[in-house]
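Asks: Given next are the chains, with one letter for each unit.
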Amino acid sequence: MASNQGRLGDELKRRGVSRRDFVTFCAGVATYFALPKSAGAEMAKAVEKSLKPSLVWLEFQDCTGNTESLLRSSRPSVAEVILDYLSVDYHETIMAAAGAQADGALAQAIKANRDQYIVIIEGSIPTGANGAYCTIGGKSALQIARETCEHAAGVIAVGTCAAYGGIPAAAPNPTGALGVSAAVPGIKNLVNLPACPTNAENLTALIVYYLTYKRWPPLDAQGRPLFAHGKTIHDNCERRAHFDAGQYVEMWGDEAHRNGECLFKMGCKGPATYNNCPVVRWNEGTNWPIGCGHPCVGCAEPAFWDRMTPFYKHLEGVAGYAVASDVDKVGVAATAAVGAAFVGHGLVQLGIHRRDHAKEAETKEEEKK
Amino acid sequence: MTHVVVDPVTRIEGHLRIEAEVDGGAVKDAWSSSTMFRGIEMILKGRDPRDAWVFTQRICGVCTTVHAIASVRAVENAIGAKPPPNARLLRNLIMSAQMVQDHVIHFYHLHALDWVDVVSALSADPAKTSTLAESISDWPLSSRKYFAGVQSRIKTFVERGQLGPFANAYWGHPAYRLPPEANLMAVAHYLEALDWQREFIKLHAVLGGKNPHLQSFLVGGMATPIDPDKQASLNIGTIARLKELIAKANDFVARVYIPDVLAVASFYKDWAGIGGGLGNYLVYGEYPDDDGDKPQLFFPSGVIWNKNIAGVEEFDPGKISEYITHSWYEYGGGDGVPLHPSVGETRPKYTGPTPPYDRLDTNAKYSWLKSPRYDNKAVEVGPLARMLVAYGRGQPRVKAVVNDVLAKLGVGPEALFSTLGRVAARAVETLILAEKMGTWVDALAENMGKHDLRIHDNTKWDPKSWPKDTIGAGFHEAPRGALGHWVHIQNGAIKNYQCVVPSTWNAGPRDPSGARGAYESSLLATPVANPEQPLEILRTIHSFDPCMACGVHVLDPTGHELLQVRVA
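Protein chains in written order, with our numbering: chain W, 1 to 369; chain X, 1 to 568.
The following block holds chain W by itself, in its conformation from the complex (with noise of 0.2 Å):
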């Protein structure tokens, strides 16, 4: 099978991408991993001579949103092509056998890629009711992420559902639903790229990453890449100055909100969630929540449809804020919930245990400031 396959860089020609582009856009995935531009020539280097792994990803308690977002992936030509590189062999929202040729085309994938075929997955994994909570061609979902991650070269939990278990896994979880790494403990190369859905810009950088070093990148604690999660919402805002100022969003609307100024006072969750939304921001940096005048609601972090809600209060026990005393004038009544959750939140962040250790004390320093 393998005297078959292309590499990279002859497809990239046949695309018409020049090996310029190509390593421009390497340089740009290399800034997110913080390593030096130079870096990006290497691993363009290094991705032109893979061949064509295959992948396969699966849906479980899901919907469809991260797929949805793979289909908006920026840097058009390029990662498209990234995309296409990959041998997409299951997917069942873009395949075009169903039935028991999708079934024979899973099977054969996995069969003939031993140990080098990657798998993703979407959604959560229900455990209630022997699995009939979800049902593909009669199997249980856990049994297909049983068979289908035995001999995966690595896993990637893509969206908040298969990373922690999401909205079907939010109280009282009717379904028993779990993360991929709660439901098939011992999966190994097991990376969670969360968020509801996850950017795919975030999917693409993680791909090239370990097609590069054939590895995959340091992770938190909470097994999300270091160069996505590694640094809060906050931390990066575009209205930080605000933040830092007292200048608050009383209401929807106000002249603060027009402004463009903090929105914390109406439940912004950016303080206490990682991820890199400021920075990459939305379909080709168009936009990003914060930007169009909505609070974050924390969807990268685990159990955040328990722990984040309800949206529209705001955090207790963030540094910074209390700026002004009368800060809870305005229509904040109950945070209590909000702020012990929160204060548990930042217990769990601080208290990890990180892999990297340079990376650990990277952070520490960041933290500091």
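What you were told as hints is all true, and nothing was included just to trick you.
Using C-beta positions, here's what the derived DEER-type ranges look like:
1) Leu191(X) - Gly104(W): 23 to 31 Å
2) Met1(X) - Asn130(W): 24 to 32 Å
3) Asn130(W) - Val337(X): 27 to 35 Å
4) Gly104(W) - Pro467(X): 56 to 64 Å
5) Asp335(X) - Asn130(W): 19 to 27 Å
What the hints contain is simulated information worked out from the structure, not anything from laboratory work.
Backbone N, C-alpha and C define an ideal beta-carbon position, used for all residues, glycine too.
Following the hints, complete the assembly by docking chain X onto the known chain W.
Replies: Structure of chain X alone, referenced to chain W:
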């Protein structure tokens, strides 16, 4: 008699299983089953009603706006909030962008491979393809060289031996009838549409921060501030951006999508006589064009019985009910009695086979979908229903475009009641809606110029301003059809939450009388050349654009009458 199981049905949203009996080259009977359940309505109980739209939005990431819209409308209806005109305009733009983008993706990326043989495109003559393309449209990407480039790209892809998502499919199946040149043209547009959708949906990022799951909805209005003089608000630069995006969308729809649908349809006219199904249609109506209590709707509401377009009835929300006779739930009053969503119950109870299984017992319960009925009858919802009701009610633009399409295909109005009719209606709707979008941008710009900057009804934001005990309903026409949410709010928290969803109307199982839902009914008599390769079954099912994650929902007990109902 051959028993055919199609599971997973691919190129849809979610998890759908079709079982069918095939005999003498045609479907004799069919059963539609949804095989995934999450229980989002159960999860909503006890939460802040202002948060509900964020939760319900996650019912579906494909139709990523529809459950947010229905939710804020339901809560607004319950608490008496009145979104200002700018919020109506922003919502109209967001909803219509969703519809236009979703329909184009459906045609090219979910449905086209049922009609288009990718492998056949390899033997096309690029020069003849160019002639064909130029004969149906003045779209500039139509040269011989362009199509030769696309063809060489596919050739290389196929020669590399890794067919990826195109592996194991039905290429060469006798039901494929396009000439190689039409196949090549369609493959080129499949690729172009992939780029187009990514570009056009930036409209959602402009107005909602991101797509999927845009984040600018609010109970009482929208979160996007408006001010012509401020950098951080929607301003005149935004207006220009919206106009540009909409102009490009109109261009693609009018010069690529519509001509392609007509071209493909002209080779498959027999499918205008297949897949008709129920002949009953339900539409809630959408796109309010004013801010009154009963606004004028661009696509009107109504009900059609037995294909009688001339006699469109008024829609009455009181006539909606749901059965669970063949669904994995139980009702306190027994399985045989339907319940209105305002007094519904849910007790999920799985009684199907333990996975892994080969067959469902379709005489018993066999789906996670309920069976919604209107006036105790099964109805179809979606683009075809909307265009038929609008046509019957004399909506001038719909009449003109539908008549034009029928004339170009040389078929009569009866051709609309079919698998092909659904494909055509979706395209017609896209064209008309894309044309309309610009008027909402103009109205927004005009308000901005008059310094009407209102985006939100602040008077109802504080839960203290709400009634202690209240029920509301929110209706919406989603891309796949009529959608309703019902919310019961008690002491500022959600007591009960219910959704009745387009794909539940269409894909639901039988009711106690044995009457089939829209999918099951439309599959009857569908030809199947080879039961091992169920291509024709996929054609009819895909013509509905299934969205299964949407379809599965949960109702909880309430003892309350529906207090008031309002569209928009």
